[in-house]
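Engineer: Assemble the dimeric complex from its two separately framed chains, guided by the hints.
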Amino acid sequence: MPKQYFDENLDNNVAEVIENGLKELEKLGAKCVDVELPHTELSIPAYYVVAPAECSSNLSRYDGVRFGHRCKEPKDLSDLYCRSRQEGFGKEVKRRIMTGTYVLSAGYYDAYYIKAQKIRQIISNDFQNVFKNVDIIAGPTTTGVAFKLNEKLNDPISMYLSDLYTVSVNLAGLPAISVPSGFINKLPVGMQLIGNYFQESLLMNVAHQYQKVTDWHQKIPQAYE
Amino acid sequence: MNKSMEWETVIGLEIHAQLATKSKIFSGASTIYGAKPNTQACAVDLGLPGVLPVINEQAILMAIKFGLAIGAEIPERSVFARKNYFYPDLPKGYQISQFELPIVSNGFIEIVIENKKKKLIKITRAHLEEDAGKSNHDQFNGCTGIDFNRAGNPLLEIVSEPDMNDAKEAISYLKKIHSLVRYLEICDGNMQEGSFRCDANVSVKPTQQKELGTRAEIKNLNSFKFIEAAINHEVERQINLIESGEIVTQETRLYDAKKNETRSMRSKEEANDYRYFPDPDLLPVLITEETKKIVRELIPELPDAKRMRYQNELGLSEYDSDNLTANPDIANYFETTIKVANGNAKMCANWIMGDLLASLNKENMNIKNSPVTAKMLGDMINLIKDKTISGKIAKIVFEAMWNKEGVAISIIESKDLKQVTDLNEIENLIDGIIAENTLQVKQYKNCPADKKQKFISFFIGQIMKKSKGKANPIQVSELLKERLNS
Chain A
0 MPKQYFDENL DNNVAEVIEN GLKELEKLGA KCVDVELPHT ELSIPAYYVV
50 APAECSSNLS RYDGVRFGHR CKEPKDLSDL YCRSRQEGFG KEVKRRIMTG
100 TYVLSAGYYD AYYIKAQKIR QIISNDFQNV FKNVDIIAGP TTTGVAFKLN
150 EKLNDPISMY LSDLYTVSVN LAGLPAISVP SGFINKLPVG MQLIGNYFQE
200 SLLMNVAHQY QKVTDWHQKI PQAYE
Chain B
0 MNKSMEWETV IGLEIHAQLA TKSKIFSGAS TIYGAKPNTQ ACAVDLGLPG
50 VLPVINEQAI LMAIKFGLAI GAEIPERSVF ARKNYFYPDL PKGYQISQFE
100 LPIVSNGFIE IVIENKKKKL IKITRAHLEE DAGKSNHDQF NGCTGIDFNR
150 AGNPLLEIVS EPDMNDAKEA ISYLKKIHSL VRYLEICDGN MQEGSFRCDA
200 NVSVKPTQQK ELGTRAEIKN LNSFKFIEAA INHEVERQIN LIESGEIVTQ
250 ETRLYDAKKN ETRSMRSKEE ANDYRYFPDP DLLPVLITEE TKKIVRELIP
300 ELPDAKRMRY QNELGLSEYD SDNLTANPDI ANYFETTIKV ANGNAKMCAN
350 WIMGDLLASL NKENMNIKNS PVTAKMLGDM INLIKDKTIS GKIAKIVFEA
400 MWNKEGVAIS IIESKDLKQV TDLNEIENLI DGIIAENTLQ VKQYKNCPAD
450 KKQKFISFFI GQIMKKSKGK ANPIQVSELL KERLNS
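Heads up: the sequence lines are chains A and B, in that order.
At position 77 of the first sequence the residue is numbered 76 (numbering that gives the first Met the number 0), and the sequence of numbers has no breaks.
At position 156 of the second sequence the residue is numbered 155 (numbering that gives the first Met the number 0), and the sequence of numbers has no breaks.
Hints in this document: simulated from the structure, not taken from any laboratory.
Please note that a few of the clues may not be correct.
In silico DSSO-like pairs for lysine-lysine, Cα to Cα no more than 30 Å straight-line [stated by the list, open to error]:
#  : chain 1 : residue 1 : chain 2 : residue 2
1  : B       : 118       : B       : 209
2  : B       : 305       : B       : 116
3  : A       : 26        : A       : 211
4  : B       : 133       : A       : 74
5  : A       : 74        : B       : 267
6  : B       : 267       : A       : 93
7  : B       : 414       : B       : 403
8  : B       : 467       : B       : 394
9  : B       : 345       : B       : 403
10 : A       : 93        : B       : 82
11 : A       : 151       : A       : 93
12 : B       : 374       : B       : 345
13 : B       : 133       : A       : 90
14 : B       : 82        : A       : 117
15 : B       : 224       : B       : 133
16 : B       : 117       : B       : 291
17 : B       : 464       : B       : 345
18 : B       : 133       : B       : 258
19 : B       : 345       : B       : 305
20 : B       : 291       : B       : 391
21 : A       : 71        : B       : 133
22 : B       : 115       : B       : 305
23 : A       : 71        : A       : 90
24 : B       : 133       : B       : 257
25 : B       : 175       : B       : 21
26 : A       : 2         : A       : 151
27 : B       : 451       : B       : 467
28 : B       : 175       : B       : 121
29 : A       : 74        : B       : 292
30 : B       : 218       : A       : 74
31 : A       : 114       : B       : 267
32 : B       : 450       : B       : 465
33 : A       : 147       : A       : 90
34 : B       : 82        : A       : 114
35 : A       : 71        : B       : 82
36 : B       : 464       : B       : 453
Same shape as in the complex, but just chain B (with noise of 0.2 Å):
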């Protein structure tokens, strides 16, 4: 091969979305995390004999509303299919999944890649399957202990085509679809509980060459910052091997994130004949265009439409709307703010940004969770703007607000950070502190022009501090130059 060969990489990705109903797919056993080890699997999710699956109506209507999401295909009949497999977590020997008839087909979405452009990702399909126990390989000395609890939880198994370029692309789409089914409401988008979880096909080929190389699938993969690290390192390997003349095998890496590698886990001729064939303890899944319409009018306000209202109407940078708008929490946090505060986007938006999210983020706590609600902010906002307190101040009152000392009003009370805008009592000020700087206030008369301001600033500084802060800047200042100038 040509060392100085330009390659382009191609991605697929196939990401298990796992869906926020509060029962299995085919039981009535709780999906809730974190439970005590095989105390939420009941005689369907362990495959006793002789039990027999129900469609969860849920796990349904939220795939529609996804396809819907995505401008997909949703066909009229849709049909559960077996893989047949074995593994000690898979309890029936088989995972019901969708093969033939997925719920989804054909969707797409936008994707925003270098320089801004756009890009177009296809989304081949999406379906339905449940998903399978957790082996514990650790715990037990030797033994394996498997949990069934997450067996038979409802998985959307959202498949792209190899459309992406570059891990960049990748994580581009990862998100965006990541913030799709949070808006939805259809999953957590919680990584670390495996709500979100991705595997990715990943191959690469000369650039002017049509054929696709031989692909790898790269399993585990359950972190943004783990799936770019593992696409790179995957993307340089294949390349390597190429360029040192040899070939790449297809098969199924697994990805360690301590070592920053891929491993081999299986190669095509160990893989699985899933021997798939439609359930038989399952009816086909009709769908109807008036439940179709029904989950329509549940899709609320999307990302992109939101980003876009967001510049246009609020008047945000597109940093801003691009901030708010990916994580629906944030986005209502800010919409409610904004209401409260009867406006101010901009203002709103920076507090959001600035003091709630690092406050947020330095507890690793959940904007929904905030000890200072939108309604709180949004209060303390509108003081600001009336002029009670200086921006300044207001760091003051977030602080106390966030540590639950009560809401803005009652801690500008009790604190008595009430701004000064009275007149005299300003005046009062500027007499104090000049007669206390007799010195600097004869430097300032004497000095050129192009140092004055060095002198305004600290008497500025010597009246706000004097005041507690509590003195309204601006007419510090104003006062301030009359009386230095006269």
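If we strip away everything but chain A, and leave its shape as in the complex, we get (with noise of 0.2 Å):
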């Protein structure tokens, strides 16, 4: 159990649900430790330079030549590029290839980007650091239960800081799972849990484990019923 996943960030109700997973688990014959991911707070910066960047890159190709959407009648290449672009993408996949684009350009590049990529250096380590010792690393998959739809669209930090424990797992490339936990309000909560490198069927043991000392994973939310 990371100290770093159950800080300020986490809503209380979620705590609760985790640690009373966290208790089935013992119950398995788990053995819970303390560890510590100091730089989790950093993935959040750093994994929204990289992913804009990758996005801003990767989406270039939706640009009206070949698929996907073409604006009507375009009156020269570059008006078929920029109207195509501007009709077809959402706000939130805009706002990424614009913080990308700005994070890989000439002059930028070295502040933002490879600053990222030396942070994710630095998470992965931490990472490593704990699986020394441990086989799993268990937690919240999220700081609180589902948004409503589009409720931080103008808010896109708060929206961003929701991600705070699973980017980390992003960055440093590892595998992990989601497992079913129990609900709050009526909308559910999930367990994570990250294994260490190729160690997918250790994580999907224990998570199939979990699963047959519980339901979580058989109750659908009542908005779905």
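Structural biologist: Pasting the structure below:
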């Protein structure tokens, strides 16, 4: 259990659900210990440099030339590109393309992209230190339960922060699984299990053992019944 | 600016050599040239969403081979990067290339410049990248068609230092690299098909000045002739600009072969910010000492070494050696021929550079497809050497072989071309000619010594004609002189 995953960002009710989940694992014979992932907080800013950078480049192919949306009656090539992309992409996607293009631009690349890649390495090292002593890292998947559709559209930072516990795993390139562990106000809560590189089978086994003694994964959130 | 100022030209070249792999650099699609548009472009080449590139190992090995051949460093770790820009024939909106950690760096090659002086040209780097598709602006009436068959073809971009000082040096360097990549069998060197293309960075500066002048990059150069013309034209343009008080702007210029001029394509301000970053879809390439060792063993004898061997061991002239070694296919042909002909290097060289290349050029054919094989030519040379035929008759035999009438020995049989070396037969021929030309014989006997050779040549000509060229000319000459002077 990483201390940094049970900090002030975590909703108290979610914390309680996860602690119950961990008790189930202990009953099954797991030994729970506290571990440190000291650079967890850096994962959000690092991730939101690296991911938009890749995204800005990955989405370049949607230019209206071969597939996807193409604007009507383009004046010229530049107009085809600009309007097809302006009309076809949503707000959050455009935000990420803009951010990503910026962090890769001449003069900003070292300050943003390279720095973020260095942080990525530090985060990955944190995990490796922990895996010297444990088999699986367990904690919450998100900081709170699902927010309403479009609720955070104009507050992207708060939306990005809810990814705090998952993006560090992505930055480190580790396998992880989220297993249903309870409900808060009829909304589901997931417990995240993280394994070391190439330990997917161990991860699946632990998740499976947990689901053999719990039935959260068989309960459907009320709104979807 | 002082008009009488001495100018120095500075040239650096970027060569794009298409690597001779069977499949593309990041996909399994074929690289064969000339297929119907868009029949050799798979999902990866088209950049369809969700596809991932997989590096072609052959492309890596070919790049290493080139690096080793130019004495370059092959770093342990090499990284692919994305070069981001929008263009309709660039399907992903980025080109997979290399930026910070290219597969080859710091090599060099020696060229021969004026007065047979040697000069080292440094090669900054060579990196792997994928080719883009091809836009066709002419065929679709107001629309542009795109052929993605070329997209994803493996390219090795070879970047030189600005070490060349005139168009001739640039051509010499280009030809050297062109020859090298073909020897290494990593590129077919076909310039018409675009397998070997070049961009030239050209600037001028007063000879005394240390700093380089502002450069222009000339693109679209695909023949040695155009490259030389384009560089010369560009140098003149820049000098004229400066001498008339204007400045050279940093820009990309396109060469128009029809008008023999370069024109501006885009200025530095319009240049793209390519936003290079390591391609997250591809792992860094790790190259071990073991791999380098294996590749090193695959490097054949290279042109410089071959040229020296032809001069020192085979006794050929510098001119012959240069001509025979420039193209590896010709060198291979030559070496097979001398093997069959048990040496006779000079005679083999003459036949190849003379009749054979002339016939090939006339029909615009590659020596690999020559109807006269190296074995056939070698056998024929043996027949000249053992006096079965004369060198003159051999020309007839060669032409018949070229026209696929068979091998030398059977042509000699069927056309009855065997050289007459029987002394009695030659004596009979001489008798006949002397009897037919009594007047000339009399004139010969009475004329001064310095006029006699004229008559000898006449008699030999008559005898050779009568024998249909088959009489051994040396024997004829000796016996004739004996007879006339007796």
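Engineer: None of the hints should be skipped; say for each whether it holds.
Structural biologist: Against the structure, the hints:
1. Between residue 118 of chain B and residue 209 of chain B the alpha-carbon distance is near 20 Å, which keeps this suggested pair within the 30 Å criterion.
2. About 19 Å separates the Cα atoms of residue 305 of chain B and residue 116 of chain B, which keeps this hinted pair within 30 Å; it holds.
3. This hinted pair checks out: residue 26 of chain A and residue 211 of chain A have alpha carbons roughly 12 Å apart, not beyond 30 Å.
4. Taking the CA atoms of residue 133 of chain B and residue 74 of chain A, the gap is near 22 Å; set against the 30 Å cutoff, the hint holds.
5. Simply put, residue 74 of chain A and residue 267 of chain B have alpha-carbon atoms about 25 Å apart, close enough for the 30 Å limit, and the pair holds.
6. For the proposed pair residue 267 of chain B and residue 93 of chain A, the alpha carbon gap of about 28 Å is at most 30 Å, so the pair holds.
7. For the given pair, residue 414 of chain B sits about 14 Å from residue 403 of chain B by alpha-carbon distance, which is consistent with the 30 Å threshold.
8. At most 30 Å may separate the alpha-carbon atoms for a hinted pair to count; residue 467 of chain B and residue 394 of chain B meet this at roughly 13 Å.
9. Note on residue 345 of chain B and residue 403 of chain B: the hinted pairing holds, with a Cα-Cα distance of about 25 Å set against a maximum of 30 Å.
10. Among the hinted pairs, residue 93 of chain A with residue 82 of chain B is consistent with the structure: their alpha-carbon atoms are about 20 Å apart, no more than 30 Å.
11. Between residue 151 of chain A and residue 93 of chain A, the direct Cα distance comes to roughly 16 Å. Compliance with the 30 Å bound is thereby established for this hinted pair.
12. Restraint check: the Cα-Cα separation between residue 374 of chain B and residue 345 of chain B comes to about 16 Å, which is no more than 30 Å; the hinted pair holds.
13. Only pairs whose Cα atoms come within 30 Å are accepted, and residue 133 of chain B paired with residue 90 of chain A is rejected, the gap being roughly 34 Å.
14. With a C-alpha separation of about 21 Å, the suggested pair residue 82 of chain B and residue 117 of chain A falls inside the 30 Å cut-off, and the hint holds.
15. A distance of roughly 23 Å separates the Cα atoms of residue 224 of chain B and residue 133 of chain B; the hinted pair therefore holds under the 30 Å criterion.
16. Annotation: proposed proximity of residue 117 of chain B to residue 291 of chain B holds, straight-line Cα distance about 29 Å (limit 30 Å).
17. Our distance criterion of 30 Å between C-alpha atoms is met by residue 464 of chain B and residue 345 of chain B, whose separation comes to about 28 Å.
18. Taken as a hint, the residue 133 of chain B and residue 258 of chain B pair is honoured in the structure, with Cα atoms around 23 Å apart against an allowance of 30 Å.
19. Of the pairs offered as hints, the one joining residue 345 of chain B and residue 305 of chain B holds, with about 15 Å between alpha carbons and a cut-off of 30 Å not exceeded.
20. Taken as a hint, the residue 291 of chain B and residue 391 of chain B pair is broken in the structure, with Cα atoms around 51 Å apart against an allowance of 30 Å.
21. Taking the CA atoms of residue 71 of chain A and residue 133 of chain B, the gap is near 25 Å; set against the 30 Å cutoff, the hint holds.
22. Using a Cα cut-off of 30 Å, the hinted pair residue 115 of chain B and residue 305 of chain B holds, with the two alpha carbons roughly 18 Å apart.
23. Of the pairs offered as hints, the one joining residue 71 of chain A and residue 90 of chain A holds, with about 21 Å between alpha carbons and a cut-off of 30 Å not exceeded.
24. Pair hint residue 133 of chain B plus residue 257 of chain B holds up; C-alpha atoms about 21 Å apart against a cutoff of 30 Å.
25. At most 30 Å may separate the alpha-carbon atoms for a hinted pair to count; residue 175 of chain B and residue 21 of chain B meet this at roughly 25 Å.
26. Among the hinted pairs, residue 2 of chain A with residue 151 of chain A is consistent with the structure: their alpha-carbon atoms are about 27 Å apart, no more than 30 Å.
27. With a CA separation close to 24 Å, the supplied pair residue 451 of chain B and residue 467 of chain B stays within the 30 Å bound.
28. Between residue 175 of chain B and residue 121 of chain B the CA atoms are separated by roughly 13 Å; this keeps the pair inside 30 Å, and the hint holds.
29. For the hint linking residue 74 of chain A to residue 292 of chain B, the alpha-carbon distance of about 56 Å lies beyond 30 Å, and the restraint is violated.
30. For the given pair, residue 218 of chain B sits about 28 Å from residue 74 of chain A by alpha-carbon distance, which is consistent with the 30 Å threshold.
31. Distance restraint check for residue 114 of chain A and residue 267 of chain B: the Cα-Cα separation of roughly 28 Å lies within the 30 Å cut-off, and the hinted pair is therefore satisfied.
32. Between the alpha carbons of residue 450 of chain B and residue 465 of chain B the distance comes to roughly 24 Å, so the proposed pair stays at or under 30 Å and holds.
33. Between the alpha carbons of residue 147 of chain A and residue 90 of chain A the distance comes to roughly 17 Å, so the proposed pair stays at or under 30 Å and holds.
34. With a C-alpha separation of about 20 Å, the suggested pairing of residue 82 of chain B with residue 114 of chain A holds against the 30 Å cut-off.
35. A distance of roughly 29 Å separates the Cα atoms of residue 71 of chain A and residue 82 of chain B; the hinted pair therefore holds under the 30 Å criterion.
36. This hinted pair checks out: residue 464 of chain B and residue 453 of chain B have alpha carbons roughly 17 Å apart, not beyond 30 Å.
Against the hints set out earlier in the document, violations occur for numbers 13, 20, 29.
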